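Engineer: Using the sequences and the hints given, assemble the complete structure.
There are 2 protein chains.
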Amino acid sequence: MTTSAVHTPRGPVTRKDVARYAGVSTAVVSYVVNGGPKNVAPATEAKVRDAISILGYRPNAAARALKLGSSETIGLVVPDSGNPFFALLAHAVEDAAAELGYGMVLANSDGSLAKEKRNIRNLAARQVDGVVLASCVFEPELADLESSEIPSVLLNHAAASPGFNSVGVDLEAGARIAVEHLIAHGHKNIGLAIGINVGNELDGREVGWLNALRDAGLPEGPTARSEFDRAGGYAAGKRLLASVNRPTAIFASSDMQAVGILRAIHEAGLSVPGDIAMVSFDGSTESEYTWPALTTVAQPVRVMAESAVRALIGEGRGGELQHRIFPTELIVRQSCGCP
Amino acid sequence: MTTSAVHTPRGPVTRKDVARYAGVSTAVVSYVVNGGPKNVAPATEAKVRDAISILGYRPNAAARALKLGSSETIGLVVPDSGNPFFALLAHAVEDAAAELGYGMVLANSDGSLAKEKRNIRNLAARQVDGVVLASCVFEPELADLESSEIPSVLLNHAAASPGFNSVGVDLEAGARIAVEHLIAHGHKNIGLAIGINVGNELDGREVGWLNALRDAGLPEGPTARSEFDRAGGYAAGKRLLASVNRPTAIFASSDMQAVGILRAIHEAGLSVPGDIAMVSFDGSTESEYTWPALTTVAQPVRVMAESAVRALIGEGRGGELQHRIFPTELIVRQSCGCP
Chain A
1 MTTSAVHTPR
11 GPVTRKDVAR
21 YAGVSTAVVS
31 YVVNGGPKNV
41 APATEAKVRD
51 AISILGYRPN
61 AAARALKLGS
71 SETIGLVVPD
81 SGNPFFALLA
91 HAVEDAAAEL
101 GYGMVLANSD
111 GSLAKEKRNI
121 RNLAARQVDG
131 VVLASCVFEP
141 ELADLESSEI
151 PSVLLNHAAA
161 SPGFNSVGVD
171 LEAGARIAVE
181 HLIAHGHKNI
191 GLAIGINVGN
201 ELDGREVGWL
211 NALRDAGLPE
221 GPTARSEFDR
231 AGGYAAGKRL
241 LASVNRPTAI
251 FASSDMQAVG
261 ILRAIHEAGL
271 SVPGDIAMVS
281 FDGSTESEYT
291 WPALTTVAQP
301 VRVMAESAVR
311 ALIGEGRGGE
321 LQHRIFPTEL
331 IVRQSCGCP
Chain B
1 MTTSAVHTPR
11 GPVTRKDVAR
21 YAGVSTAVVS
31 YVVNGGPKNV
41 APATEAKVRD
51 AISILGYRPN
61 AAARALKLGS
71 SETIGLVVPD
81 SGNPFFALLA
91 HAVEDAAAEL
101 GYGMVLANSD
111 GSLAKEKRNI
121 RNLAARQVDG
131 VVLASCVFEP
141 ELADLESSEI
151 PSVLLNHAAA
161 SPGFNSVGVD
171 LEAGARIAVE
181 HLIAHGHKNI
191 GLAIGINVGN
201 ELDGREVGWL
211 NALRDAGLPE
221 GPTARSEFDR
231 AGGYAAGKRL
241 LASVNRPTAI
251 FASSDMQAVG
261 ILRAIHEAGL
271 SVPGDIAMVS
281 FDGSTESEYT
291 WPALTTVAQP
301 VRVMAESAVR
311 ALIGEGRGGE
321 LQHRIFPTEL
331 IVRQSCGCP
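Residue numbers (the numbering used here), protein chains in the order written: chain A, 1 to 339; chain B, 1 to 339.
No lab work stands behind these hints, which were simulated from the structure alone.
None of these values were measured; they are calculated from a predicted model.
Fair warning: there could be bad hints in the mix.
Listed below are the simulated DSBU-like cross-link pairs for lysine-lysine, each with C-alpha atoms no more than 30 Å apart in a straight line [as the list claims (entries may be wrong)]:
(1) 238(A) <-> 188(A)
(2) 188(B) <-> 238(B)
(3) 47(A) <-> 16(A)
(4) 16(A) <-> 38(A)
(5) 16(A) <-> 115(B)
(6) 115(B) <-> 38(A)
(7) 38(B) <-> 115(A)
(8) 115(A) <-> 47(B)
(9) 117(A) <-> 16(B)
(10) 38(B) <-> 47(A)
(11) 238(B) <-> 115(A)
(12) 117(B) <-> 47(A)
(13) 38(B) <-> 117(A)
(14) 16(B) <-> 47(B)
(15) 117(B) <-> 16(A)
(16) 16(B) <-> 38(B)
(17) 117(B) <-> 38(A)
(18) 117(A) <-> 47(B)
Structural biologist: Structure follows, in structure tokens:
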């Protein structure tokens with residue numbers, strides 16, 4: 001950066017000019033321009049807007065960011081904002097950021113580690129005040145983020161990562177509740193549809209399924225591993241239906257997978273919960289509208305998003321690193337066999 | 001803005017220092033920092049990253065924005081990014097912006113005109129280079145946007161608005177194709193589930209439904225007006241099923257509504273398409289996984305998003321205002337009665 005850049009003329013109209021013209025304080029001009037934080041009476045606002053229009057004033061966010069050392073925005077990286085679960089998460093993060101006066105830049109990694117790293121770099125270059133990462137980075141790669149020195153928080157992250165703030169749910173406990181509910185319905189052959197995870201640890205949902213079966217003295221049912229989306233669930237469902245020892249119940253590790261499994265079951269001419277009972281995981285809106293409606297383990301998405309955003313830009317930011325784990329809740333509908 | 005703000009010291013490390021330390025040009029440092037536009041060999045990139053880390057360099061987006069008079073971001077305002085249709089749209093707009101090197105700030109209006117106006121003001125204050133509006137503003141209110149002098153484009157907008165670039169689909173032609181398909185299946189009593197629109201014009205989908213029936217010499221079937229989402233569809237479905245002259249087929253104005261209608265039909269113990277055939281509108285991924293899979297009129301969401309983004313920040317930006325209308329396409333699955 002050179003000082004000449006800074007002196008590039010941008011028109012002489014300042015906030016002070018607008019305030020003088022409208023007969024209000026510069027603070028009031030700021031409230032009108034920024035839509036807050038304080039409310040302005042409609043008549044006053046109209047005067048300020050007239051002055052802005054007549055004088056041709058344009059607020060200079062870049063100068064403000066330079067002064068504050070903050071762009072008052074955060075970044076959010078998700079694998080796919082078109083996936084209903086991440087769409088819900090993105091809406092919740094945007095709400096939480098807006099609550100604190102911050103904007104949210106959304107970036108999709110589309111499941112590509114290269115694109116994810118590029119997104120993080122781009123966000124750093126845009127000087128966001130922090131990044132919420134709800135994506136699929138391999139932990140060793142996170143070091144990159146450290147070196148770029150942006151505050152960050154991992155969202156949708158079940159395990160603690162040294163050196164990072166993170167927020168997640170207790171996957172293992174949630175899965176256990178789901179499987180125990182199916183056991184209580186009398187099922188003895190409970191299959192598992194589980195997503196493909198990067199990393200070398202067993203997914204907490206698989207651990208929860210295993211432990212619940214073991215504690216009940218039941219054998220492991222068949223498993224199918226596939227993508228966490230609808231198409232992945234459809235493929236997993238077809239495989240579970242074709243297994244030698246077809247399960248009488250399935251625990252699906254995401255609502256999206258469950259939607260695909262339901263399609264496979266319907267296509268096979270079988271019924272849910274009559275022939276095969278199901279419980280899934282996430283608690284998305286879609287799970288309420290499948291046929292039959294899904295009994296599901298709900299994640300507290302809004303609370304998690306708020307917690308992640310506050311860790312980045314809230315009052316307690318910059319404090320000790322924390323790994324916050326939230327509990328899940330079983331929402332009972334019809335797919336499990338409950339009336 | 002005062003010049004003193006501009007001279008606030010931000011640490012002495014510049015891109016030039018990094019380039020000198022790493023033994024590369026400042027352009028190469030820029031490529032590494034911004035993730036492009038040109039690729040950098042991994043070994044070179046590692047040297048630059050080491051230099052950045054050792055010197056503690058942080059690229060200054062605010063100074064760059066001040067120099068360029070551009071934040072290299074666009075804004076997107078949607079009613080609800082958690083709604084799968086708008087989630088898909090948001091992903092497509094983000095991709096199109098990223099393609100041109102721009103970031104995307106996402107803002108939800110949650111169906112509130114007051115929040116929408118506040119969002120637009122906030123985006124203006126952040127000095128985004130333009131705003132894509134895929135929301136529900138009343139046209140008279142759009143004047144506000146003009147006075148704030150941000151380039152803007154209306155996305156998902158079927159009718160032209162004087163003074164604005166806009167992008168939409170031919171709702172009327174799409175609805176006509178859907179209804180004519182149901183007529184070809186032999187239906188003579190075709191109901192309509194339609195959303196609640198602001199403004200005082202008939203929704204193009206309702207016009208298309210009406211015209212297709214009229215041209216075939218068929219009477220109007222029952223209609224139900226409700227929210228464009230799943231819950232709205234569920235309510236509309238229950239009303240259509242309870243109508244004196246129950247329809248043998250329904251045209252639903254959105255996939256979300258159709259999902260709710262399917263639930264109402266299943267709960268009533270009826271089957272689709274046996275008892276009631278259906279065609280819906282949008283072409284979302286969810287429509288492929290309902291039971292039965294929905295025959296739907298698909299909107300070319302990605303093409304529309306690209307067109308909107310290019311009108312804002314592409315090569316032809318700033319040209320004559322245009323209202324671009326894209327054609328829809330009937331995707332035939334099972335809900336209509338096709339084998």
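Engineer: With the threshold set at 30 Å, check whether the alpha-carbon distance from residue 38(B) to residue 47(A) stays at or below it.
Structural biologist: Violated - the C-alpha atoms of residue 47(A) and residue 38(B) are around 48 Å apart, more than 30 Å.
Engineer: Against the 30 Å threshold, does the CA-CA distance of residue 38(B) and residue 115(A) hold or violate the hint?
Structural biologist: Given that 30 Å is the threshold and the Cα spacing comes to 14 Å, the pair holds.
Engineer: Are the Cα positions of residue 117(A) and residue 47(B) separated by 30 Å at most?
Structural biologist: Holds: residue 117(A) and residue 47(B) sit about 17 Å apart, inside 30 Å.
Engineer: If you draw a straight line from the CA of residue 188(B) to the CA of residue 238(B), is it 30 Å or shorter?
Structural biologist: 20 Å, holds
Engineer: Run the distance test for residue 117(B) versus residue 47(A): straight-line Cα separation, threshold 30 Å.
Structural biologist: 17 Å, holds
Engineer: Hinted pair, alpha-carbon criterion (30 Å max): residue 16(B), residue 47(B). Please report holds or violated.
Structural biologist: Given that 30 Å is the threshold and the Cα spacing comes to 14 Å, the pair holds.
Engineer: Going straight from one Cα to the other, do residue 117(B) and residue 38(A) come out at no more than 30 Å?
Structural biologist: 15 Å, holds
Engineer: Measure nothing beyond the straight line between the CA atoms of residue 117(B) and residue 16(A); if it is 30 Å or shorter, mark the hint as holding.
Structural biologist: Given that 30 Å is the threshold and the Cα spacing comes to 24 Å, the pair holds.
Engineer: Check whether the Cα positions of residue 115(B) and residue 38(A) lie no farther apart than 30 Å.
Structural biologist: 15 Å, holds
Engineer: Is the straight-line distance between the alpha-carbon of residue 16(A) and that of residue 38(A) 30 Å or less?
Structural biologist: 18 Å, holds
Engineer: Residue 238(B) and residue 115(A): Cα distance at most 30 Å?
Structural biologist: 45 Å, violated
Engineer: Given the hinted pair residue 38(B) and residue 117(A), is their Cα-Cα distance within 30 Å?
Structural biologist: It holds: about 15 Å lies between the C-alpha atoms, which stays within 30 Å.
Figure legend: structure checked against the earlier numbered hints; hints not met, in rising order: 10, 11.
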